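Peer 1: Single-letter residue listing:
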Amino acid sequence: MSGPAPTAPESGKKPLYEGSTQFRNWRFSKEQLAQKRSALNVAAVEAVRRVIENDSPGSSKDVLFLSADEELLLVRHYLTKAVQLCGHFRFPEEVEATATTYIKRFYLTNTVMDWHPKNVMLTALFLATKTTNNPISLDSYAAHIPRTEPADVLELEFLVAQSLGFDFALWHPHRALWGAWLDLQNVTQLPPPELEQIYNQAMGHVRASRLTDAEFVYSPAQIAAACISLASPPVADTWMRSKGSDGSFINPLSAMLQEGSKLPGVDMIREVDRRLKLCKNPEKVVGSSAYLAKKAAEERLAAEKRTKKADEIRNTLSGEDPFGNDLGVTLDDDDDD
Amino acid sequence: MDAAEKANAERQARWLKEAKIGEGTYAVVYRAREKSTGRRVAIKKIKVGQFKDGLDMSAIREVKYLRELSHPNVIELLDVYSSKTNLNLVLEFLDTDLELIIKDRTLVFLPADIKSWVAMTFRGLEFCHRNFILHRDLKPNNLLVASNGQLKIADFGLARDFADPGYKMTCQVITRWYRPPELLFGARYYSTAVDIWSVGCIFAELMLRIPYLPGESDMDQLKTIFRALGTPTEDDWPGHTKLPDYVPVGQFQKTPLRDLFTAATADCLNLLGKCLLYEPRRRVSAKEALNHSYFFALPNPTHPSKLPKPPSAHSSKPSDDLDGNGDPVSSGPGGKAAGPNKRKRKLSGSGRGGKVDRMVSRKLDFGAVSTGSS
Numbered sequence: 001m002s003g004p005a006p007t008a009p010e011s012g013k014k015p016l017y018e019g020s021t022q023f024r025n026w027r028f029s030k031e032q033l034a035q036k037r038s039a040l041n042v043a044a045v046e047a048v049r050r051v052i053e054n055d056s057p058g059s060s061k062d063v064l065f066l067s068a069d070e071e072l073l074l075v076r077h078y079l080t081k082a083v084q085l086c087g088h089f090r091f092p093e094e095v096e097a098t099a100t101t102y103i104k105r106f107y108l109t110n111t112v113m114d115w116h117p118k119n120v121m122l123t124a125l126f127l128a129t130k131t132t133n134n135p136i137s138l139d140s141y142a143a144h145i146p147r148t149e150p151a152d153v154l155e156l157e158f159l160v161a162q163s164l165g166f167d168f169a170l171w172h173p174h175r176a177l178w179g180a181w182l183d184l185q186n187v188t189q190l191p192p193p194e195l196e197q198i199y200n201q202a203m204g205h206v207r208a209s210r211l212t213d214a215e216f217v218y219s220p221a222q223i224a225a226a227c228i229s230l231a232s233p234p235v236a237d238t239w240m241r242s243k244g245s246d247g248s249f250i251n252p253l254s255a256m257l258q259e260g261s262k263l264p265g266v267d268m269i270r271e272v273d274r275r276l277k278l279c280k281n282p283e284k285v286v287g288s289s290a291y292l293a294k295k296a297a298e299e300r301l302a303a304e305k306r307t308k309k310a311d312e313i314r315n316t317l318s319g320e321d322p323f324g325n326d327l328g329v330t331l332d333d334d335d336d337d
Numbered sequence: 001m002d003a004a005e006k007a008n009a010e011r012q013a014r015w016l017k018e019a020k021i022g023e024g025t026y027a028v029v030y031r032a033r034e035k036s037t038g039r040r041v042a043i044k045k046i047k048v049g050q051f052k053d054g055l056d057m058s059a060i061r062e063v064k065y066l067r068e069l070s071h072p073n074v075i076e077l078l079d080v081y082s083s084k085t086n087l088n089l090v091l092e093f094l095d096t097d098l099e100l101i102i103k104d105r106t107l108v109f110l111p112a113d114i115k116s117w118v119a120m121t122f123r124g125l126e127f128c129h130r131n132f133i134l135h136r137d138l139k140p141n142n143l144l145v146a147s148n149g150q151l152k153i154a155d156f157g158l159a160r161d162f163a164d165p166g167y168k169m170t171c172q173v174i175t176r177w178y179r180p181p182e183l184l185f186g187a188r189y190y191s192t193a194v195d196i197w198s199v200g201c202i203f204a205e206l207m208l209r210i211p212y213l214p215g216e217s218d219m220d221q222l223k224t225i226f227r228a229l230g231t232p233t234e235d236d237w238p239g240h241t242k243l244p245d246y247v248p249v250g251q252f253q254k255t256p257l258r259d260l261f262t263a264a265t266a267d268c269l270n271l272l273g274k275c276l277l278y279e280p281r282r283r284v285s286a287k288e289a290l291n292h293s294y295f296f297a298l299p300n301p302t303h304p305s306k307l308p309k310p311p312s313a314h315s316s317k318p319s320d321d322l323d324g325n326g327d328p329v330s331s332g333p334g335g336k337a338a339g340p341n342k343r344k345r346k347l348s349g350s351g352r353g354g355k356v357d358r359m360v361s362r363k364l365d366f367g368a369v370s371t372g373s374s
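Heads up: the sequence lines are chains A and R, in that order.
Quick note on numbering: the UniProt record's numbering labels position 175 of the first sequence as 175, and the sequence is numbered without any gaps.
Quick note on numbering: the UniProt record's numbering labels position 50 of the second sequence as 50, and the sequence is numbered without any gaps.
Hints are computed from structural coordinates only; laboratory data are not their basis.
As the structure is a computational prediction, the values presented were derived from the model and not from experiment.
Be aware that a few hints might be false.
[Stated by the list, open to error] In silico BS3-like pairs for lysine-lysine, Cα to Cα no more than 30 Å straight-line:
1. R:Lys287 / A:Lys305
2. A:Lys81 / R:Lys52
3. A:Lys294 / R:Lys103
4. R:Lys52 / A:Lys284
5. R:Lys17 / R:Lys52
6. A:Lys284 / R:Lys47
7. A:Lys36 / A:Lys14
8. R:Lys254 / A:Lys295
9. R:Lys274 / A:Lys118
10. R:Lys103 / A:Lys309
11. A:Lys295 / R:Lys52
12. R:Lys47 / A:Lys305
13. A:Lys305 / R:Lys309
14. R:Lys254 / R:Lys103
15. R:Lys309 / R:Lys17
16. A:Lys305 / R:Lys84
17. A:Lys309 / R:Lys17
18. A:Lys14 / R:Lys287
19. A:Lys295 / R:Lys84
20. R:Lys254 / R:Lys287
21. A:Lys277 / R:Lys17
22. A:Lys36 / R:Lys287
23. R:Lys47 / A:Lys294
24. A:Lys309 / R:Lys242
25. R:Lys103 / A:Lys30
26. A:Lys294 / R:Lys17
27. R:Lys17 / A:Lys308
28. R:Lys287 / A:Lys308
29. A:Lys36 / R:Lys84
30. A:Lys118 / R:Lys35
31. A:Lys295 / R:Lys103
32. A:Lys308 / A:Lys295
33. A:Lys284 / R:Lys84
34. R:Lys84 / A:Lys277
35. R:Lys6 / A:Lys284
[As the list claims (entries may be wrong)] Okay, the calculated beta carbon distance ranges per label pair:
36. R:Val247 / A:Glu155: 52 to 60 Å
37. A:Gln185 / R:Lys242: 28 to 36 Å
38. A:Asn200 / R:Thr233: 41 to 49 Å
39. R:Ser36 / A:Arg306: 22 to 30 Å
40. A:Ala303 / R:Lys52: 26 to 34 Å
Cβ coordinates follow ideal geometry from the N, Cα and C atoms, glycine included.
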């Protein structure tokens with residue numbers, strides 16, 4: 001996007017935003033995003049097909065797998081569900097913004113055919129309450145969500161955190177918009193009520209932007225500027241001029257926001273969800289034969305590892321001090337690596 | 001294997017655990033190496049499975065902030081990965097901490113040494129504050145020292161972003177001896193000034209070689225502060241009697257800092273006094289402190305590599321304390337780390353994983369800290 005990364009990162013010299021994990025790890029061009037998703041989708045289809053074939057050969061050819069676009073459609077549907085839940089819980093703006101970003105980031109490394117967005121959404125939202133310092137107890141969280149047990153929420157927490165690369169801190173457009181609003185009270189001559197109305201409209205566009213890919217392509221301040229521009233182009237111009245920006249990003253970004261905030265119809269979503277039931281990865285369906293086979297294989301591996309470790313310890317102990325040597329044994333209580 | 005699992009396994013494979021160097025209720029610390037380079041690191045394995053509400057808040061805070069912060073005076077988080085139900089933080093390996101250094105009676109501190117440590121603390125803190133992060137648990141034990149003498153701020157288990165004006169924060173933060181009076185009076189709206197007070201206490205402790213304001217309870221802490229610095233008047237600190245938990249704790253005269261810190265220069269005491277101002281809004285900021293004449297006057301700060309440190313302090317200090325609770329877990333310098341299970345921390349399990357407000361009560365368990373480290 002803008003400017004090459006500084007070669008000698010000397011802290012204090014570059015803008016804070018450019019030191020963030022968001023800037024370093026989570027920015028892509030539109031083309032990169034499309035490519036990423038399509039590669040992910042191809043790999044997922046192949047993997048699921050293999051599992052289905054293992055289970056009963058020949059049965060995969062009738063399955064209508066989801067396309068990358070259909071996956072995205074479903075993810076976006078559950079983004080709106082996350083927003084609804086936030087309203088239900090009266091979570092602060094930051095929780096909503098964080099949860100939606102987490103969900104979108106999750107599906108840049110995972111496929112809905114493995115992990116249904118409903119579950120991921122619930123976990124991502126719960127994680128977001130914690131990472132934004134608005135924790136609520138898991139029990140009361142789960143109690144407000146139909147057909148959801150606390151364990152369902154926790155089950156995916158590690159996977160979600162991993163998929164986010166543990167990059168929990170986010171820079172949100174609504175914060176940038178807040179800053180812009182404070183600036184605007186100084187740099188425009190508009191009467192306060194009028195300005196406030198523009199701010200509120202822009203805030204609506206910021207909220208809608210959470211359903212789009214804008215945050216992967218543009219900076220939070222750019223998104224805020226585009227949202228102001230959708231509410232009032234002259235005010236956006238004034239702000240950008242005061243910041244020394246030519247605003248060349250405004251048009252493509254505004255187009256992206258407007259295009260992305262159109263939501264697909266319920267029928268279409270229902271149809272995709274119905275097909276997902278038929279093409280989701282059987283290894284992830286608790287109780288299916290593929291699931292049981294995978295669990296058994298994992299258990300076999302773990303058992304082998306335990307036996308090996310026990311043997312090692314026995315070897316170390318035999319013919320030596322019954323309390324073991326100083327070295328080696330002490331480390332072995334770390335049973336998970 | 002899923003892509004996320006695969007990436008995680010790759011991360012995990014980069015590191016080789018060598019030996020356990022400490023254990024607490026919350027985490028185990030291993031000495032480890034990076035396989036490709038042989039670089040020494042510390043791996044803090046946080047036991048997550050035991051928490052009812054999943055990933056625990058202090059682990060989340062620590063990861064959240066350390067992933068973002070990159071500064072010579074802030075501990076570096078090299079990697080994060082999960083293994084089964086544990087979260088593993090790969091941190092740079094640091095030899096010792098300022099508490100161990102202060103307590104080592106064989107070491108003599110020159111004024112230039114103190115200036116160097118204080119400057120590094122302010123540099124790290126200025127960076128945190130510039131990134132809108134409050135540390136909320138500064139104390140000598142959380143200022144780690146690398147083999148090259150660089151001081152690094154560690155343990156971000158209580159850190160948070162600045163709250164917006166009008167949003168409350170908990171006042172149950174910062175280990176008692178380093179806690180500013182506004183928090184002791186229950187202020188729920190506060191700022192970077194809380195960390196500055198802590199630095200002031202550490203600054204004084206470097207000169208005195210014992211904790212400057214060692215209160216025995218929260219109430220006694222206020223008394224201890226007022227005995228040292230005088231009971232604040234309305235002029236000193238406008239509005240403080242309106243704070244939620246305000247109680248009068250008696251009238252004490254201010255003793256001039258000069259009487260206690262006999263060897264300090266005027267510049268030095270001026271900066272110290274500005275860190276320990278009652279009115280938080282008048283307290284010096286980290287940035288202002290770095291521009292204070294103290295740092296420009298002679299003697300120049302000692303080069304980090306020339307700073308005093310415990311003999312052969314290069315093998316046992318976990319790069320972070322184990323449960324974020326401040327009790328130094330390493331056996332101290334000299335190579336032999338405390339064996340596993342020897343230093344099980346006594347901790348009031350009550351608050352952990354609960355509401356934030358209550359959760360931090362573990363931080364205030366000062367009894368455990370002083371017995372653990374004495």
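Peer 1: Each hint should be assessed against the structure and marked as holding or not.
Peer 2: Structure-based check of all given hints:
no.: 1; hint: R:Lys287 / A:Lys305; verdict: violated, 54 Å
no.: 2; hint: A:Lys81 / R:Lys52; verdict: holds, 25 Å
no.: 3; hint: A:Lys294 / R:Lys103; verdict: violated, 55 Å
no.: 4; hint: R:Lys52 / A:Lys284; verdict: holds, 24 Å
no.: 5; hint: R:Lys17 / R:Lys52; verdict: holds, 28 Å
no.: 6; hint: A:Lys284 / R:Lys47; verdict: holds, 25 Å
no.: 7; hint: A:Lys36 / A:Lys14; verdict: holds, 29 Å
no.: 8; hint: R:Lys254 / A:Lys295; verdict: violated, 70 Å
no.: 9; hint: R:Lys274 / A:Lys118; verdict: violated, 54 Å
no.: 10; hint: R:Lys103 / A:Lys309; verdict: violated, 41 Å
no.: 11; hint: A:Lys295 / R:Lys52; verdict: holds, 24 Å
no.: 12; hint: R:Lys47 / A:Lys305; verdict: holds, 21 Å
no.: 13; hint: A:Lys305 / R:Lys309; verdict: violated, 43 Å
no.: 14; hint: R:Lys254 / R:Lys103; verdict: holds, 28 Å
no.: 15; hint: R:Lys309 / R:Lys17; verdict: holds, 26 Å
no.: 16; hint: A:Lys305 / R:Lys84; verdict: holds, 14 Å
no.: 17; hint: A:Lys309 / R:Lys17; verdict: holds, 16 Å
no.: 18; hint: A:Lys14 / R:Lys287; verdict: holds, 17 Å
no.: 19; hint: A:Lys295 / R:Lys84; verdict: holds, 14 Å
no.: 20; hint: R:Lys254 / R:Lys287; verdict: holds, 27 Å
no.: 21; hint: A:Lys277 / R:Lys17; verdict: violated, 42 Å
no.: 22; hint: A:Lys36 / R:Lys287; verdict: violated, 43 Å
no.: 23; hint: R:Lys47 / A:Lys294; verdict: holds, 26 Å
no.: 24; hint: A:Lys309 / R:Lys242; verdict: violated, 63 Å
no.: 25; hint: R:Lys103 / A:Lys30; verdict: violated, 57 Å
no.: 26; hint: A:Lys294 / R:Lys17; verdict: holds, 29 Å
no.: 27; hint: R:Lys17 / A:Lys308; verdict: holds, 18 Å
no.: 28; hint: R:Lys287 / A:Lys308; verdict: violated, 56 Å
no.: 29; hint: A:Lys36 / R:Lys84; verdict: holds, 28 Å
no.: 30; hint: A:Lys118 / R:Lys35; verdict: violated, 39 Å
no.: 31; hint: A:Lys295 / R:Lys103; verdict: violated, 53 Å
no.: 32; hint: A:Lys308 / A:Lys295; verdict: holds, 20 Å
no.: 33; hint: A:Lys284 / R:Lys84; verdict: holds, 17 Å
no.: 34; hint: R:Lys84 / A:Lys277; verdict: holds, 28 Å
no.: 35; hint: R:Lys6 / A:Lys284; verdict: holds, 16 Å
no.: 36; hint: R:Val247 / A:Glu155: 52 to 60 Å; verdict: violated, 48 Å
no.: 37; hint: A:Gln185 / R:Lys242: 28 to 36 Å; verdict: holds, 30 Å
no.: 38; hint: A:Asn200 / R:Thr233: 41 to 49 Å; verdict: holds, 46 Å
no.: 39; hint: R:Ser36 / A:Arg306: 22 to 30 Å; verdict: holds, 29 Å
no.: 40; hint: A:Ala303 / R:Lys52: 26 to 34 Å; verdict: holds, 29 Å
Going down the numbered hints, you'll see the structure goes against 1, 3, 8, 9, 10, 13, 21, 22, 24, 25, 28, 30, 31, 36, while the others check out.
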